[in-house]
Amino acid sequence: MGKKDKSNFKTPEGYFDNFNERLMQKLHVDEAIEKLSYLPESDGFHIPKGYFESVDKKVLSQIREKDTKVIQLSPYRKYFYGAAAVAAALLLFFGLNLKRESPVAFEDLASAEIDAYLENTELDLTYYEWAELVSLEDAELSDVMDTPLETENILEYLDENIEDIEELNLNFEDYE
Amino acid sequence: MIAEEALIDQLKSPETREKAFAVLLNTHKERLYWHIRRIVLNHDDADDVLQNTFIKVYRNIESFKGDSKLYSWMYRIATNESLTFIKQRSKKSGISDEELKNRMVDNLEADVYFEGDEIQMKLQKALATLPDKQKLVFNMKYYQEMKYEEISEVLETSVGALKTSYHLAVKKIETYLKAD
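Going down the list, the protein sequences come from chains A and B. Here the first sequence stands for residues 1 to 176, where the numbers follow the numbering used here. Here the second sequence stands for residues 1001 to 1180, where the numbers follow the numbering used here.
Just so you know, these hints were derived from the structure itself, not from any lab. Bear in mind the structure is a predicted one, so any value in this text is a computation, not a measurement. Watch out, some of these pointers could steer you wrong.
One side only, chain B facing chain A, incomplete, derived with CB under 7 angstroms [what the hints assert, rightly or not]:
1. Lys1029
2. Glu1030
3. Ile1055
4. Tyr1143
5. Met1146
6. Thr1175
7. Leu1177
All residues carry an ideal CB built from backbone N, CA and C; glycine is no exception.
Build the full structure now, drawing on both the sequences and the hints.
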């Protein structure tokens, strides 16, 4: 007697116990039949004579060539200069205001002036510095982009620039 | 033959890297070439992708953690490089991947390194209609005679799912070949 589920449908005794085994057996039989019947043994591809003897040299010479390329010793130097420049600009900006005879409080600065300063000054901050300054929860894409970014453009960018989807470290549960 | 662990150690050491890499190249070049060739079809393209694959292997060997076998990792790189190659080419040509795949098969007729007869040509046309995963599984199983367990490591898919993909691929090819 088979087991009953809530809707009263029944299965033969032991049906699920050997289901996988029976299915795989069927697949193997099908494969064996099909391999013998109509598929060609060879797919007709050939290679130039001596190709495999020459490919080693081509790969090794490319590796040696790339190994000898000059690499910048301090790739982050430009960021240090950028950070120093930002610090100097801020010191100058606030320092000059503090030395005035009638001290000006930060609140006295018109927000338009602050906006103009931020808009016209190249802060040269790294992505990590921006990430520390701007909370991700508060940020909208429209805050940093003049024109709205279409989904199609994003997908096109990812398609062209991301070789492996795993590089994105996506948490798929977020997209369910 | 050098044991895989010893070879990996040698590949990660700057003093022995190049010598060990030559061994690696010699051991795997043919199998990787045929894997790539069956995806990109044309010999010159397969040659380019094979070279890029080995260069990536050389450049990224430090990041190989040993979670899978070395050849599985190399196969994965070769697969990604081949599929990326097709995507980039279709993008440059302004056509869809499917359209490009059909053109690639049509180009085989004039390819001096393809000597397939009518049935082999038709098989390539049938393969071009399959989704990438089914085509990969079919080629790896049927022509490269890899075990499902090996394919499973390369494509990071369960053996059961691979068997289903292979079965579906064979059915679709059969239908295509028997259509006329």
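| said: For the restraint on B/Ile1055, tell me whether the closest CB of chain A is nearer than 7 angstroms. | reply: holds (6 angstroms)
| task | Please verify that hint: B/Leu1177, Cβ, nearest Cβ of chain A, below 7 angstroms or not. | result | Since the shortest Cβ distance to chain A is 6 angstroms, the answer is holds.
| With a cut-off of 7 angstroms, does the beta carbon of B/Tyr1143 approach a beta carbon of chain A closely enough for the hint to hold? | holds (6 angstroms)
| Proposed interface contact between B/Glu1030 and chain A, which counts if any beta carbon pair is under 7 angstroms | holds (6 angstroms)
| Per-residue hint verdict: B/Thr1175, partner chain A, C-beta under 7 angstroms | violated (11 angstroms)
| task | Hold the hint about B/Lys1029 up to the distance rule: shortest CB distance to chain A must be less than 7 angstroms. | result | Interface hint status for B/Lys1029: holds (6 angstroms vs cutoff 7 angstroms).
| task | Verify the interface restraint on B/Met1146: the C-beta must sit less than 7 angstroms from at least one C-beta of chain A. | result | violated (14 angstroms)
Hints 5, 6, counting from the list given before, are not met by this structure.
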